[in-house]
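As given, the protein sequences belong to chains A and P, one line each in that order. Here the first sequence stands for residues 100 to 601, numbered as in our numbering. Here the second sequence stands for residues 100 to 601, numbered as in our numbering.
What the hints contain is simulated information worked out from the structure, not anything from laboratory work. C-beta atoms are modelled at their ideal positions from N, C-alpha and C, and glycine is treated no differently. Certain hints may be false.
For each label pair, taking beta carbons as the anchor points, the in silico distance ranges come out as [claimed, not checked]:
no.: 1; chain 1: P; residue 1: Asp537; chain 2: A; residue 2: Glu159; range: 38 to 48 Å
no.: 2; chain 1: P; residue 1: Pro199; chain 2: A; residue 2: Asp245; range: 45 to 55 Å
no.: 3; chain 1: P; residue 1: Glu214; chain 2: A; residue 2: Glu450; range: 35 to 45 Å
no.: 4; chain 1: P; residue 1: Gln210; chain 2: A; residue 2: Ser169; range: 33 to 43 Å
no.: 5; chain 1: P; residue 1: Asp352; chain 2: A; residue 2: Glu549; range: 37 to 47 Å
no.: 6; chain 1: A; residue 1: Lys536; chain 2: P; residue 2: Gln210; range: 52 to 62 Å
Number of protein chains: 2
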Amino acid sequence: MFKDIEQQFLRYVKKMMSYNEAIQVMYWDMRTGAPEKGLEQRSEVIGVLSQEVFKMSISEEMAAYIAKLSPSDVQEQLSDVARHTLAECKKGYERNKKIPEEEYREYVVLQSKAENVWEKAREASDFNMFRPYLEKLVAFNKKFIDYWGYDGNPYNTLLDLYEPGMTVEVLDDVFAKLRERIVPLVQAVVSSRHQPDTSFLFHPFPKEKQRAFSLELLRELGYDFSAGRLDETVHPFAIGLNPGDVRITTRYDERDFRTALFGTIHECGHALYEQNISKELIGTPLCTGTSMGIHESQSLFYENFIGRHYCYWKRNYPLLQQYAPEQFANVSLDEFYRAINEAKPSLIRIEADELTYSLHIMIRYEIEKGLFNGTIAVKDLPDIWNDKYEEYLGIRPHCDAVGVLQDVHWSGGSFGYFPSYALGYMYAAQLKQAMLKDLPYFDELLETGELLPIRNWLTEKVHRFGKTKKPLDILHEATGEGLNAGYLIRYLEEKYKAIYQL
Amino acid sequence: MFKDIEQQFLRYVKKMMSYNEAIQVMYWDMRTGAPEKGLEQRSEVIGVLSQEVFKMSISEEMAAYIAKLSPSDVQEQLSDVARHTLAECKKGYERNKKIPEEEYREYVVLQSKAENVWEKAREASDFNMFRPYLEKLVAFNKKFIDYWGYDGNPYNTLLDLYEPGMTVEVLDDVFAKLRERIVPLVQAVVSSRHQPDTSFLFHPFPKEKQRAFSLELLRELGYDFSAGRLDETVHPFAIGLNPGDVRITTRYDERDFRTALFGTIHECGHALYEQNISKELIGTPLCTGTSMGIHESQSLFYENFIGRHYCYWKRNYPLLQQYAPEQFANVSLDEFYRAINEAKPSLIRIEADELTYSLHIMIRYEIEKGLFNGTIAVKDLPDIWNDKYEEYLGIRPHCDAVGVLQDVHWSGGSFGYFPSYALGYMYAAQLKQAMLKDLPYFDELLETGELLPIRNWLTEKVHRFGKTKKPLDILHEATGEGLNAGYLIRYLEEKYKAIYQL
């Protein structure tokens, strides 16, 4: 009897997921060359399907499935997939149902207005233009936290949206440790007399050659082209439509090949995650990464722990030299390696290197936490922002455009998202350390281009589970311990002390 | 009161159309490079959405809208768009509702099996492999005709699926006239001593240059690239996702540039139709071509009445010569014109020229009519097919693969579709004649590349109406008379007598 309900429930969910897949295909299409004049109508189509998915997530039918399948004696008999799917749907149901419909509609309108205003405010470098919208967005999210409730700290509820189970307690601890060691390290790097020469990076490098080189690297990294494709967009992304169709996009800067090179490797890390999720999760909300942070750990693992590793370039630098002989003929591997690992404080997060990146995140984390704990007011953000940049990175933004207005996230109402980026770094470093126990010849694998064991390890420990496990459980099972900032700290200290001869 | 219902009804229909647009985007994506491993799941997604559209078309909600809005006093007060939308939905409702659900499911399964079997049968050139499937497909369609009912001739019901309002009576008449004049004309062409030299057509012509040339022609023809794009597929098509997004695909044969050239111009004709449908029809089932035949008239108008016209090449041949100087340096415009208008009997419909094409269609028409009137049995098809080819075209297929098994249509259960192709020729010739009254300098427009008046005329008379008018009404209003095969006959006789010096 309940087996019938289980089947009906899974069919119902599969329908929602089918709509989502259709939406994602249209999203990809819009970003990779859909004709401009059709976009308005296409947005409406996406709107119709999205609304349908939302309605289904809070329908009476959904409520009935949850009611019938939730009792623990029933749950015990459900398949693993059904049980985890139920948990996800329940979470979504409760979240979506608790916000009064009218209020949510207002919020959606506000979001889209705020994004437009933010764009203009950034162009004008005028925080005050954006301020009233940001205040409303924060106020809405405070109300949502009230509706949803919270454990320990109101901000936890927002963190949980992107990093299920993550808390202020954990983040305060790891960020304090990071800050303590990274801030002085950055200062030492800045004042080192051994700065890398980067001048040779900025030679013209034709797009077609960059693309061909990227394709070779992607193949070696294990990206499956019969389950994906590489396209070009202004803002690169990876998108998992289903595990058999995970697409990457990249951007080519003909004056700086690093944009496409590291961008592609980064998105490849995301894509390998989605390509290797267990097939049995297709058609459920579990067929995706478990969290933003774990997703980012995969992209950063590939971008930094492989893509900026000396041994990786011991193998691939000769190939790069073939693609751009004039540019690199007189540059040694060592010079190249130091150049692509240059670290220095900068104002813009998305241009930051791996050493300084977490500091950018910490600043945003502290501000968000303050906003939702009532210790920081929106009106004071520009000053607080600038002070923190001076304190952590030793540089002060000269205007809002390169300061508090630089990121799109808040304008879309995304609070609690930023910490995932820093978590991605920490997760990646911790996974790398655990991987070394199973693959002690890691460096040699990079040097010989045998990258399959690495991907297999990540698939075994991370990818295949999709969203059936929480991020901290995945981390714990893979590494034997909870989140530990020490691995990232040690990695950065060793690497940058060597490069800058500290 | 009924205004509310009208609005609700239009919203309901818009939702169905949104699902359809999503399906079409995925369909386009599947054919232009979606990764292979994702296709199975993508097909399921398409299946889920299609089923939903089908369900909505026969739902109780739909039945209620039809019941409430159909009374003539209500209809009178509806907007034009709502009234025509209602008529379309009613037609769909009645069609879909009358077939028992279980029977329809069986039929869908049969269709997909039959297509596979047909492919194998064609490879093996063995009609008997396909025969039992074709028998079942015909039997199902006969039952459908019983469910749906018919006027005059059972086959009319199938014709109406593709060409609303078209009847055996009309077709018998026009096809008899065509046959009477085209068959002897083809014989005369075959035995003419003035055969064009076509040897220079088959030089290597690099794909990239073909594409660049195609793009130039498309722009001149008035194809709007901000509402479309050109991609590459094995089987070329045009697809209207909405009037702001109408895409074309083409195929490049590097040993025969005609494939891409005329294929692109042909699809452009389809695309111009869809790009210029009135915007107020977006979100309704009226936002598409009125029938297969009228759609084909637009593609054929561009392909033949423009693309194979002497004056068109007077302008564009020098450009072609620039793209392929070696191939055409020593070929005069007259030689080129005669070569691209070569006509000769052949076995394969899709490779046929404009002179012989209608004969291929007539054969299929006569066979289909016989199948549904009970005068022809499936088992006799190969012989009947071959006899008719001998009679009309003077050549006899030596095996089923190039005979009765050549077309995909029947394997998908599409009976009644073929006549639309021939109707497209007749409509196009008749429209051309009417156009000449308004645009007497037609030839000069081609010669100067001022093609906008031509497109505007077609938009005014055909495109903008979408599916709000029936094909024969469009024809009548545009040309002042009903279907008249005389225009196509006159066009072909004049053109081919000149080319072959008869």
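Legend entry - 45 to 55 Å as the expected CB spacing between Asp245 (chain A) and Pro199 (chain P), which holds or is violated: 54 Å, holds
Legend entry - Beta-carbon spacing of Asp537 (chain P) to Glu159 (chain A) - inside the hinted bounds 38 to 48 Å or not: Between Asp537 (chain P) and Glu159 (chain A), where Cβ atoms are some 59 Å apart, the hint is violated.
Inset, instruction - For Glu214 (chain P) and Glu450 (chain A), compare the CB-CB distance with the range 35 to 45 Å and indicate the outcome. - result: 53 Å, violated
Inset, instruction - Kindly confirm whether 33 to 43 Å is satisfied by the beta carbon distance between Gln210 (chain P) and Ser169 (chain A). - result: 42 Å, holds
Inset, instruction - Check the following: the C-beta atoms of Lys536 (chain A) and Gln210 (chain P) are separated by a distance inside 52 to 62 Å. - result: For Lys536 (chain A) and Gln210 (chain P) the Cβ distance comes to about 56 Å; the hint holds.
Inset, instruction - Could you check the hint for me, namely that Asp352 (chain P) and Glu549 (chain A) are 37 to 47 Å apart, CB to CB? - result: 42 Å, holds
In the structure shown, a violation is registered for the earlier hints numbered 1, 3, in ascending order.
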